[in-house]
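Line by line, the protein sequences give chains H and Z. Numbering-wise, my numbering puts 24 at position 24 of the first sequence, and it's gapless, one number per residue. Numbering-wise, my numbering puts 11 at position 11 of the second sequence, and it's gapless, one number per residue.
Quick caveat, the hints were computed from the structure, so don't treat them as lab data. The beta-carbon is built from N, C-alpha and C at its ideal position, and this holds for glycine as well. Just so you know, not all the hints are guaranteed correct.
[Stated by the list, open to error] Across the chosen pairs, the derived CB separations fall in these ranges:
| no. | chain 1 | residue 1 | chain 2 | residue 2 | range |
| --- | --- | --- | --- | --- | --- |
| 1 | H | L392 | Z | S301 | 52 to 58 Å |
| 2 | H | L66 | Z | T26 | 50 to 56 Å |
| 3 | H | F164 | Z | L162 | 41 to 47 Å |
| 4 | H | Q63 | Z | F4 | 44 to 50 Å |
| 5 | H | I4 | Z | M57 | 36 to 42 Å |
| 6 | H | L472 | Z | K418 | 29 to 35 Å |
| 7 | Z | L470 | H | G72 | 43 to 49 Å |
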Amino acid sequence: MMEIPETLKPLFALGCPALAAILILVFGRRPNLREGVTLLASLSQFSIILSMASRVVSGVKIQSYLFPIVPGISFGFRVDAFGLLFALTASSLWILVSIYSIGYMRALKEHAQTRFYFCFALAILGAVGVALSGNLVTMYIFYEILTISTYPLVAHEQSQEAIFAGRKYLAYLLTSGVFLLAAIVFTYATAQTTDFNPGGILSLTSSSRSTLITLFILFILGFMKAAYMPFHSWLPAAMVAPTPVSALLHAVAVVKAGVFGIVRTVAYIYGIDLMRELGLGILLASFAGVTMIVASLFAIAQDNLKRRLAYSTISQLSYIVFGVALLSPMGITGAILHIPFHGFMKITLFLCAGSILVASGKKNISEMGGIGHSMPITMLAFTVGALGMCGLPPACGFVSKWFLGLGTVEADSLLFLAVLLISSLLDVVYFFPIVYIAFFGDRERGTLNLSEGRMMKEAPLSMVIPLSITALFSIIFSFPNPITSMLFDLVRLAISH
Amino acid sequence: MLSFVEHLPVLVVVISLLSAITIFITGWINKKTAWYISTATLLSQFISSIFILHHVMTVGPIRYRLGGWVPPWGIEYVMDALNAYVLVILLFLGLVCVIYSKRNIDHELPDKGVSFYTVYQLLITGLCGITVTGDIFNMYVFIEITSLSAYALIASRGKIALKASFTYLVLGSIGACFFLLGIGFLYSVTGSLNIHDLSLLLPPLYGNRVVLAAFVFFIVGLSIKMALFPLHTWLPDAHAFAPAEISAMLSGIIIEISTYAFIRVAFSVFTARFLQSLPVFDILCWLAAAAIIIGSVLAISQTNLKRMLAYSSVANMGYIVLALGLSISARKAPWGGLNPSMMHILNHALMKGCLFLVAGAFIYKADLWEIRDFRGLGRRMPYTCAAFVIAALSMIGIPPSVGFVSKLYIILASIEAKKFFFVPVLLLSSLLNLIYFWRVIETMYMKRVEGKDSAHTSHELHLQKEEIPLGMLAPIWVLASLCVIMGILWLANIPIPLLNQINSTFGLGGIR
Numbered sequence: 001m002m003e004i005p006e007t008l009k010p011l012f013a014l015g016c017p018a019l020a021a022i023l024i025l026v027f028g029r030r031p032n033l034r035e036g037v038t039l040l041a042s043l044s045q046f047s048i049i050l051s052m053a054s055r056v057v058s059g060v061k062i063q064s065y066l067f068p069i070v071p072g073i074s075f076g077f078r079v080d081a082f083g084l085l086f087a088l089t090a091s092s093l094w095i096l097v098s099i100y101s102i103g104y105m106r107a108l109k110e111h112a113q114t115r116f117y118f119c120f121a122l123a124i125l126g127a128v129g130v131a132l133s134g135n136l137v138t139m140y141i142f143y144e145i146l147t148i149s150t151y152p153l154v155a156h157e158q159s160q161e162a163i164f165a166g167r168k169y170l171a172y173l174l175t176s177g178v179f180l181l182a183a184i185v186f187t188y189a190t191a192q193t194t195d196f197n198p199g200g201i202l203s204l205t206s207s208s209r210s211t212l213i214t215l216f217i218l219f220i221l222g223f224m225k226a227a228y229m230p231f232h233s234w235l236p237a238a239m240v241a242p243t244p245v246s247a248l249l250h251a252v253a254v255v256k257a258g259v260f261g262i263v264r265t266v267a268y269i270y271g272i273d274l275m276r277e278l279g280l281g282i283l284l285a286s287f288a289g290v291t292m293i294v295a296s297l298f299a300i301a302q303d304n305l306k307r308r309l310a311y312s313t314i315s316q317l318s319y320i321v322f323g324v325a326l327l328s329p330m331g332i333t334g335a336i337l338h339i340p341f342h343g344f345m346k347i348t349l350f351l352c353a354g355s356i357l358v359a360s361g362k363k364n365i366s367e368m369g370g371i372g373h374s375m376p377i378t379m380l381a382f383t384v385g386a387l388g389m390c391g392l393p394p395a396c397g398f399v400s401k402w403f404l405g406l407g408t409v410e411a412d413s414l415l416f417l418a419v420l421l422i423s424s425l426l427d428v429v430y431f432f433p434i435v436y437i438a439f440f441g442d443r444e445r446g447t448l449n450l451s452e453g454r455m456m457k458e459a460p461l462s463m464v465i466p467l468s469i470t471a472l473f474s475i476i477f478s479f480p481n482p483i484t485s486m487l488f489d490l491v492r493l494a495i496s497h
Numbered sequence: 001m002l003s004f005v006e007h008l009p010v011l012v013v014v015i016s017l018l019s020a021i022t023i024f025i026t027g028w029i030n031k032k033t034a035w036y037i038s039t040a041t042l043l044s045q046f047i048s049s050i051f052i053l054h055h056v057m058t059v060g061p062i063r064y065r066l067g068g069w070v071p072p073w074g075i076e077y078v079m080d081a082l083n084a085y086v087l088v089i090l091l092f093l094g095l096v097c098v099i100y101s102k103r104n105i106d107h108e109l110p111d112k113g114v115s116f117y118t119v120y121q122l123l124i125t126g127l128c129g130i131t132v133t134g135d136i137f138n139m140y141v142f143i144e145i146t147s148l149s150a151y152a153l154i155a156s157r158g159k160i161a162l163k164a165s166f167t168y169l170v171l172g173s174i175g176a177c178f179f180l181l182g183i184g185f186l187y188s189v190t191g192s193l194n195i196h197d198l199s200l201l202l203p204p205l206y207g208n209r210v211v212l213a214a215f216v217f218f219i220v221g222l223s224i225k226m227a228l229f230p231l232h233t234w235l236p237d238a239h240a241f242a243p244a245e246i247s248a249m250l251s252g253i254i255i256e257i258s259t260y261a262f263i264r265v266a267f268s269v270f271t272a273r274f275l276q277s278l279p280v281f282d283i284l285c286w287l288a289a290a291a292i293i294i295g296s297v298l299a300i301s302q303t304n305l306k307r308m309l310a311y312s313s314v315a316n317m318g319y320i321v322l323a324l325g326l327s328i329s330a331r332k333a334p335w336g337g338l339n340p341s342m343m344h345i346l347n348h349a350l351m352k353g354c355l356f357l358v359a360g361a362f363i364y365k366a367d368l369w370e371i372r373d374f375r376g377l378g379r380r381m382p383y384t385c386a387a388f389v390i391a392a393l394s395m396i397g398i399p400p401s402v403g404f405v406s407k408l409y410i411i412l413a414s415i416e417a418k419k420f421f422f423v424p425v426l427l428l429s430s431l432l433n434l435i436y437f438w439r440v441i442e443t444m445y446m447k448r449v450e451g452k453d454s455a456h457t458s459h460e461l462h463l464q465k466e467e468i469p470l471g472m473l474a475p476i477w478v479l480a481s482l483c484v485i486m487g488i489l490w491l492a493n494i495p496i497p498l499l500n501q502i503n504s505t506f507g508l509g510g511i512r
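So here's chain H without its partners, still in its complex pose:
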């Protein structure tokens, strides 16, 4: 195969979904070809991004700047360890979710599938663009593309509820985009650049304390995609979307783009030292801590499986923000690790929810009694994901939570450690019942509700295989092996500055 020049790799990585989006429209009438394009694009994107990994691990930053937008800002990409980690997570999961969504969309005979795949490809373009961007302005461009392209996916069902959810989604996310733009422009006016710099680009010498704090609040409002409370309600509403969308976009790509942005701001725009000096770490950690606990409490009250998972996502996203806000190396390690780890675990859970829906038509937990007997593979995968969410071994959630715990100790804050532990306990409270009902619940109620009396069985293979793979990876990540060591190398590199 032809070798792509290194500096062009980020462009090719983004070119894959862009080209795929066009081809999907062209082949709209020929479903097999259309889905073939999606698969091919996701595979080639992943391999391109993976091929950058070895260079990035050795400490090189792959840069490609296309053109200057204003003095000091160029449109372009700079692939560092942290960005690569997010890009790898998003693109690897895109392959699996593509396979899964083919099964899902066809099994449910969904309408407007061309629009679905088109927008999906664009959303991946946005997410990977956010990951690889070299400065805030480039990031903003992809961030907005991500918002717009996911709207048709949220409102896909076109019911009154879906339209309303779509409105809410746009209202929250585009408003936050406006705050983000304001924050970026003021950053530029203060620092004359918006490049991501490991030590930060803002300083107290060039602007006053209150300005920097206000600017930080603008940034946090701008990254509303991170779904922190009280600005979280768009995420549960967005669960009306088809399950592959909830899985990849509203558990990984979209929400992680928000969290990713917060981490970028904290570590690369403000810098750890400035954050500490301004006392913003404590503020952010408090907000994240509250979200972690309150969202878990909300999750307990949900009977709809996807909504419960959504609240769990809200809570888990705040783990990442929390870890960064601790401003300690261990905390940040935990936070960065939690991005791919939570991605794999949560996507497993969502994919399970989707295959339960396809196989049995059930959305509510209370109707799932004994479902584990009819769908053993799915529910086993679900159990793995649930264990991970609670931070229990052997799933990889344990590893990232361990580091987060170490982070709180490093930050000398027993209160935050307590928050972390309470939240983990609550995770157990709302995940354990699902597993219990599935395997030990009232089996009669569970199976008899199925219409036409046909026997319930596993969802199509194209759905079961992806979810098994993600579950498997959720376990693999917690044991030493080449993949894990590469991940750790990347994380070490990301925090070494």
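Chain H is fixed; fit chain Z onto it per the hints.
Positioned in the frame of chain H, the structure of chain Z alone reads:
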């Protein structure tokens, strides 16, 4: 001996005028020739304007003396970077609209084709005249030619359009009177009508009350013409009831040409130094901010698509005027001086041109005016609606579209000018844009068609497309794709040297 290109400024005006007469005469014999003559004329004018722009950029300004009379006495046509740029935009949109009109006019104005193209060509004559002339009284004459043809074109649909046209006629005439009074006042103190001559004669008289009064007359007169809030009241009806391509021209070019006239008066007749001594541009900024917010809020309350777009034009004129108001305080390249306002003149022409042509397509195909009737259009007319979405996203300011670039540059300019108040205004405005455009998009794509209770019917049933003819779709898509392509070009700063040359003509901007 003048080179060929140096004759083009006058030819652009003359061939347009001659073609108006030709259309009228040949129309007696064969009605079908009208469109061909008009298109051919506009195409040649557009090509000429590109030659002019190229000449101005590479060689320098063109000065053409009509009849060989020496300037202060004779009329002079002057092409510098500013009007060469505006002329290209004007003729480009004119060309796109005339191509679109071939099918649309048969539908909207059956049997009036010949008179439509005659008047349309007169409108183009007037617009070109305003742009190329270097004589302020001559400019007034062309403003009147433009306005009179616009009145006729707006009224061409009859019925309620007559009322809209009459309102515009009354207010437009008042505006023209103010402009004429301004000219008279200046003439009484300087004895000259040549713009270049005036700029030399005026500086010693800057304290003179008559000069100040003249300036105020110019501002008020042109503010009516460019529908600057609160003098915008004629605009919504005029835009809503005119034929689609005339709405597109009105919104995309005619009010912008009045802005051009204002820039010409403010920076060529008067100078940046004069403006800096007065608080006028600050007041303009505040009026523009009000226009942006109030225009958008009024747009939200509309149920008719074309009226909604018309109010959106009021808001967008606010953008242009706000950028203009900041032009004397923001100096850093690439957002200093006239750059953001020049940029938005082009951007608005592309976006609003596209949107009005799409609105016309809905009327052409299904006689749909009200937004609530657009249910299911996303499937019935997929290509037209996709173009609408692109232009609407651009209006909202989603990167990398042209609307985003305008917004970004105006924000950067207002930060440099230390007028921070306008930053939240601009940001709020993009949210308001979101509200009114999204309502349309949502209705087109997401709301279910009444009677068909399920959106899950197999797609074969939905594929009864009713697309508009290619002759209408192509212009729409040219504009829609330019909304993105120009956005990327602006972001890449490729056309910025041109704008910098405009700035340097007036001694604006300059800090790299």
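Hint by hint, which ones does the structure fall short of? Failing hint: just 6.
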